[in-house]
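Q: So the protein sequences, as listed, match chains E and V.
Sequential numbering of the first sequence, starting at 1, is according to this note's numbering.
Sequential numbering of the second sequence, starting at 1001, is according to this note's numbering.
Errors might be hidden in some of the hints.
[Unchecked claim] No more than 16 Å apart at the CA atoms, straight line, and that leaves these computed lysine to aspartate or glutamate pairs for EDC-like:
# : chain 1 : residue 1 : chain 2 : residue 2
1 : E       : K56       : V       : E1040
2 : E       : K106      : V       : E1040
3 : V       : K1044     : E       : E5
4 : E       : K26       : E       : D66
Calculated directly from the structure, the hints in this document are not laboratory data.
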Amino acid sequence: SQQGEEDPQALSIQEGENATMNCSYKTSINNLQWYRQNSGRGLVHLILIRSNEREKHSGRLRVTLDTSKKSSSLLITASRAADTASYFCATVPNYTGANSKLTFGKGITLSVRP
Amino acid sequence: NAGVMQNPRHLVRRRGQEARLRCSPMKGHSHVYWYRQLPEEGLKFMVYLQKENIIDESGMPKERFSAEFPKEGPSILRIQQVVRGDSAAYFCASSRTAPDEQYFGPGTRLTVT
């Protein structure tokens, strides 16, 4: 079953606008990671946020995590046409043992119009 | 520092043949993960390995699929007697420690005809 569920499924914005993508998950996590995938390519790691963190920044990216609501958001500020891609959230569960596998959502398709 | 390497990038096999997918992790990374992506879907975990050990294979189909990560050389995902439903993109990722950021290779796109 899907652990991460992204929302919305598709987002179309104008260059320069901000893009906000949301992710909800079901079980307790160790960390949550956001990835970008350009069409037909591999995944690029964007940011990792641990369960004891609430917010992280990386360049134009801002990620928040609310463990009480089991949700995360990814904000891309001042979007560019090159940000057009699919974005995935993925979680690592919080249990002992082999706890490193990522569980992905279905992804959000972001289109940034020039 | 080279990223995660996967080869081949594209692989075409007829039904019943074997497919071998290779993954070389990033330098200094001893944790390797394999994921499969079907068209229009997210990635699904298959197997997690450390050198010479399978740590978690809960996502691997019970038959025809196997994975290894030998002491020397790349990690191999092997699919025997491929069927059309095996057509997908197979991604390998590696991490230095676990749980930690996982860095993905470009993927191998398997087409079964």
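Q: If a hint holds in the structure, say so; if it does not, say that too.
A: Going down the list of hints, with the structure as the test:
A C-alpha spacing of about 29 Å is found between K56(E) and E1040(V), which places the hinted pair above 16 Å, so the restraint is violated. At most 16 Å may separate the alpha-carbon atoms for a hinted pair to count; K106(E) and E1040(V) meet this at roughly 8 Å. Proximity of K1044(V) to E5(E) is assessed by CA-CA distance (about 14 Å); at most 16 Å being required, the pair is judged to hold. Only pairs whose Cα atoms come within 16 Å are accepted, and K26(E) paired with D66(E) is accepted, the gap being roughly 12 Å.
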